[in-house]
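S.K.: Position chain A relative to chain F; hints supplied.
Each chain, written out:
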Amino acid sequence: MSFFYEKILGGKNGTAHLLILAAVILIIFPLFLDAFRLNLVGKYLTYAFAAVSLVLLWGYGGTLSLGQGIFFGLGGYGMAMFLKLEASSPENTTIQSTPGIPDFMDWNQLTELPWFWEPFTSFTFTIIAILTLPALFAYIIGAAMFKRRVGGVYFAIITQVIAVILTVLIVGQQGLTGGINGITDLRTLNGWDITSDSAKYIFYFINAGLLLGVIVVSRLILNSKFGHLLLAIRDKEDRVRFSGYDVGNFKIFIFCFAALISAIGGAMFTLQVGFMSPSFVGIVPSIEMVIFAAVGGRMSLIGAVYGTLLINFGKTTFSESFPELWLFLMGGLFIAVVMFFPNGLAGIWNDYSHHITNRLGFVKTGYNKIKQTLVPQKIQDSSH
Amino acid sequence: MSLTTNTDYTLAIEDLTVSFDGFKAVDSLNFYLDKNELHVVIGPNGAGKTTVLDLICGKTKATSGSIKFLNKELTELNEHSIVRAGVGRKFQTPSIYENLTVLENLEVSYPVGRSVFGSLFFKRTETVLEKIHEIAKEIMLFDDLETEAGLLSHGQKQWLEIGMLLIQDPQLLMLDEPVAGMSVKEREQTAELLNKISQGRSVLVIEHDMEFVAQIAHKVTVLHQGKILATGDMDAVQHDPKVIEVYLGH
Chain F
6 MSFFYEKILG GKNGTAHLLI LAAVILIIFP LFLDAFRLNL VGKYLTYAFA AVSLVLLWGY
66 GGTLSLGQGI FFGLGGYGMA MFLKLEASSP ENTTIQSTPG IPDFMDWNQL TELPWFWEPF
126 TSFTFTIIAI LTLPALFAYI IGAAMFKRRV GGVYFAIITQ VIAVILTVLI VGQQGLTGGI
186 NGITDLRTLN GWDITSDSAK YIFYFINAGL LLGVIVVSRL ILNSKFGHLL LAIRDKEDRV
246 RFSGYDVGNF KIFIFCFAAL ISAIGGAMFT LQVGFMSPSF VGIVPSIEMV IFAAVGGRMS
306 LIGAVYGTLL INFGKTTFSE SFPELWLFLM GGLFIAVVMF FPNGLAGIWN DYSHHITNRL
366 GFVKTGYNKI KQTLVPQKIQ DSSH
Chain A
49 MSLTTNTDYT LAIEDLTVSF DGFKAVDSLN FYLDKNELHV VIGPNGAGKT TVLDLICGKT
109 KATSGSIKFL NKELTELNEH SIVRAGVGRK FQTPSIYENL TVLENLEVSY PVGRSVFGSL
169 FFKRTETVLE KIHEIAKEIM LFDDLETEAG LLSHGQKQWL EIGMLLIQDP QLLMLDEPVA
229 GMSVKEREQT AELLNKISQG RSVLVIEHDM EFVAQIAHKV TVLHQGKILA TGDMDAVQHD
289 PKVIEVYLGH
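Residue numbers (the numbering used here), protein chains in the order written: chain F, 6 to 389; chain A, 49 to 298.
If we strip away everything but chain F, and leave its shape as in the complex, we get:
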């Protein structure tokens, strides 16, 4: 029990923070937001998966990936391929010259389903693919980089380049991928209408539950010897290597795990938003994910979620009224956070929360004093 309490929930503070987050996303948002707004929050929370993955990879592991969009996108496309195939049943696509294949393939003169689309007719395969293929891809990238001791800024640039390549590939192979428009018009999951309000509610709660689950598992990892080694590698890589560890393997593992988390977020994105496009794969979304993590606090799993929510609320609010200014504002915010609050929202909370509690304590003692002075008077009053 104490193991569970200390390692998974993170002791008294960790439990409190986790419970507050759970209350906010599981109770407060669903109570006070209408279906449309809640769906929007659900979308933001899928980005939070990527932000949490960056806390592990960048905050603790010291390896900045500017390509988490790759894995978010792979997860999202995996789910989108399954949903698209279901939406493209021969009955639904009788007007096409080749019924039974996705509409964009038909427009691109494809006459049969490409081989790599075939297995995505199975929901089981799709789920397994979402949970393994992005991690496998990360393993290939990670093994190629970390075993050769490529790290730091070079790694960041290479991940960014891969994000660009993947985007170009998706856009260029319109007949196979849906091109720049992405995979759209997704309606049902095993016959269940995913565009209905009830489906959106259910996806919201599944998504929120998964996010909390991911945070708990991540905490377990960070509290293990592996987690301490991750910090150790970030601070003194050579000392770890010369303590008998094959440092590359540790970086590969956390990179794969980060990819897995991001892919889950991507898949949940597709389910809640109803489409997937290359605009969630490339450089801009990947960098936005880094900003979410930085603003929330790159050393805080929970902070990353709040950072994601804050930036996205800001984006929705500001970009409605000043669409051109938003990018500058976000860039400015990023620079400000890095310069003045390197530990983000979580850092500000840690620095000032005890002041707030002290302040509350002051109010409490003050209240007690007032009560003490007032109550005897009352007694006196009543004795008259």
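What the hints contain is simulated information worked out from the structure, not anything from laboratory work. These figures come from a predicted structure and were not determined experimentally. C-beta atoms are modelled at their ideal positions from N, C-alpha and C, and glycine is treated no differently. Keep in mind that a hint or two might mislead.
Across the chosen pairs, the derived CB separations fall in these ranges [stated by the list, open to error]:
| # | chain 1 | residue 1 | chain 2 | residue 2 | range |
| --- | --- | --- | --- | --- | --- |
| 1 | F | Ile32 | A | Ala228 | 56 to 64 angstroms |
| 2 | F | Asp356 | A | Ala262 | 49 to 57 angstroms |
| 3 | A | Asp82 | F | Val158 | 42 to 50 angstroms |
| 4 | F | Ala40 | A | Leu193 | 49 to 57 angstroms |
| 5 | A | Ser163 | F | Ser94 | 17 to 25 angstroms |
| 6 | A | Ala228 | F | Arg153 | 28 to 36 angstroms |
| 7 | A | Ser201 | F | Asp356 | 39 to 47 angstroms |
M.R.: Only chain A this time, still in chain F's reference frame:
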């Protein structure tokens, strides 16, 4: 090429050469280290002292020659395999994990759970804690187990790094300037510590402080321009005319 045979030495370096763009930092070095021996390497800056340690622990690859540790050829192994074979190395500037506590520093260095999954499922058992406490007492940091390592004094950081090596129980311990930046009292305590830990293993130390060398060394080797100038006990080396000329005389 090298005609190396098995020996009784803990460490047998033969014909070891490393050249950086034609500059021979270590030049056909022959060096032997016995069991239970505390050997100090001295020499002027650029003599190749640190390079020798880098070669032994695999940080630098040798151009030619052989390094045999307990008759196992090290030049072909990668860094973590060399450590796992039983070679520990302390760096010149204290290399500790500042954001972890003293206890966590020692635990991370504990030689169990060295693979990814091993470390994920590593448990802090009684055996682990006992070993950590034993080492912490030895390096005089038992009262600081819960202290964040970054808050330790410079001398304590040096001790902690030595402790992080000791917990792995290496057969060969290499220390690069272990008392640099220490106070007189800390130096004495370190000398005591080194004398204690050299029992049952071989220790190779690089040091500049001659007073400290005299306190600890069983044997001294003077390195100059990548070659050995003299080897012997402290007294003999100090009176060697060649040594006086290039090093002590300055």
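S.K.: Compare the structure with each hint and give your call.
M.R.: So, going through the hints one by one against the coordinates:
1. Ile32(F) / Ala228(A): 56 to 64 angstroms: Check passed, 58 angstroms falls within 56 to 64 angstroms.
2. Asp356(F) / Ala262(A): 49 to 57 angstroms: 50 angstroms, holds
3. Asp82(A) / Val158(F): 42 to 50 angstroms: Holds, since Asp82(A) and Val158(F) (Cβ atoms, about 46 angstroms apart) stay within the stated range.
4. Ala40(F) / Leu193(A): 49 to 57 angstroms: 54 angstroms, holds
5. Ser163(A) / Ser94(F): 17 to 25 angstroms: Because 48 angstroms falls outside the window, the suggested range is violated.
6. Ala228(A) / Arg153(F): 28 to 36 angstroms: Holds, at about 33 angstroms.
7. Ser201(A) / Asp356(F): 39 to 47 angstroms: This hint is violated: roughly 26 angstroms between Cβ atoms.
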